[in-house]
Amino acid sequence: MENLEELKKMREKVRKELDLRNGKHRIKIVVCLGTCGIAAGAREAMNTFVELITSNNKTDIKVATSGCAGFCAQEPIIYVYVEDRAPVVYRNVNVEAAKEIFASHILNDKIVEKYLFSKGKK
Amino acid sequence: MKDLADHLFDILENSVTAGATEVKVILDFHNNIFFCEIKDNGKGIEGEDVTDPFVTSRKERKVGLGLPLLKKTAENTDGFLRISKLKGIGTSLKFETDISHIDAKPFGNLAKVFVDAMRSWPEINFEVSIKGGKGKNEQVLNTKEIKDTMGFSDIRHKEIQDFVYKSIDKELKRIGINTQFGNF
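Protein chains in written order, with the working numbering: chain A, -5 to 116; chain B, -12 to 171.
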């Protein structure tokens, strides 16, 4: 690998920002990345969430991944865990849906009925 | 799976699910033949034909389509998919596809695959090498080396990801792989 020097230069800045981010998380978004999810475009949904979190300077939101959720026809599926709230599952989360869910559910705590798969206990 | 990038990401996911901690990838492209080898130290699947769609290790349902689909993608273009057990522990997977074949799938964004893999499974060590034909083997990603250089294990940061993307993409372009190819 070339240019490790370049990495060293960004070390301090990155460390500071990561420390800030690695505190407690209030919200966790889990993207299902099984074969079905990948084929349905779950990676794009995941990247959309990560980009939105970065561009909104949110440090208390975490994006995680899991395997197949068992409802392959509904992929991409995501789970949204907000602290002190019942988990919410969304289906058919494409890039558009991801943007909508982020703006409404993540930022304003309002569930997007259009893409809702289930609410409450898994 | 709309492109080879999706397939590649899917195999990486298999390795992670098999409990691998180290995944090594070699990409090669010359004379229109794209070759990919993935070696991991996961537990693998013993004694079963994993390219049979009705063989799977998952519990959620009884079919597994990742490898059968990849096999089809490879064989549609007179390529192959081979899976073998490594000495000791681990699995090796090789596939080859002729990108100039009428039934070939486009590359997709291969560099992005590894950035997404770093983001999805930060605890796994990924090593990626790229070579073009007889040219030398150029290592373009070694997440362990990045972790050691940075001095911390969480490397899910945009600047690091951009750095990785740039260095992989540069090397891919050098051997003639670009995301535009076959993108409709």
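Just so you know, the hints here were simulated from the structure itself, not pulled from any lab data. Note that the Cβ used here is the ideal one computed from N, Cα and C, for glycine as well. You may find that some hints are simply not true.
[What the hints assert, rightly or not] Cβ-to-Cβ under 10 Å is the rule here; a few derived chain A residues that face chain B:
#	residue
1	Arg20
2	Ile21
3	Thr59
[To be verified] Facing chain B, a subset of chain A residues (Cβ under 8 Å, in silico):
#	residue
4	Lys22
5	Val24
6	Leu27
7	Thr48
8	Ser49
9	Asn51
10	Gly61
11	Val82
12	Arg85
13	Asn86
[Unchecked claim] Here are the computed lysine-lysine pairs in the DSS-like style, where the Cα-Cα straight-line distance is at most 30 Å:
#	chain 1	residue 1	chain 2	residue 2
14	B	Lys59	A	Lys2
15	A	Lys56	B	Lys153
16	A	Lys104	A	Lys3
17	A	Lys108	A	Lys93
18	A	Lys10	B	Lys72
19	A	Lys3	B	Lys160
20	A	Lys113	A	Lys56
21	B	Lys153	B	Lys118
22	B	Lys134	B	Lys72
23	B	Lys157	B	Lys118
24	B	Lys(-11)	A	Lys7
25	B	Lys131	B	Lys59
26	B	Lys72	A	Lys7
27	B	Lys(-11)	A	Lys93
28	A	Lys22	B	Lys72
29	B	Lys118	A	Lys7
30	A	Lys3	A	Lys52
31	A	Lys2	B	Lys(-11)
32	B	Lys145	B	Lys121
33	A	Lys3	B	Lys11
34	A	Lys18	B	Lys26
35	A	Lys56	A	Lys10
36	B	Lys74	A	Lys56
37	A	Lys7	B	Lys74
38	B	Lys72	A	Lys56
Output the numbers, in ascending order, of every earlier hint that fails for this structure.
-> Of the numbered hints, 1, 2, 4, 5, 8, 9, 11, 12, 13, 14, 16, 18, 24, 25, 26, 28, 29, 31, 32, 34, 36, 37 and 38 do not hold.
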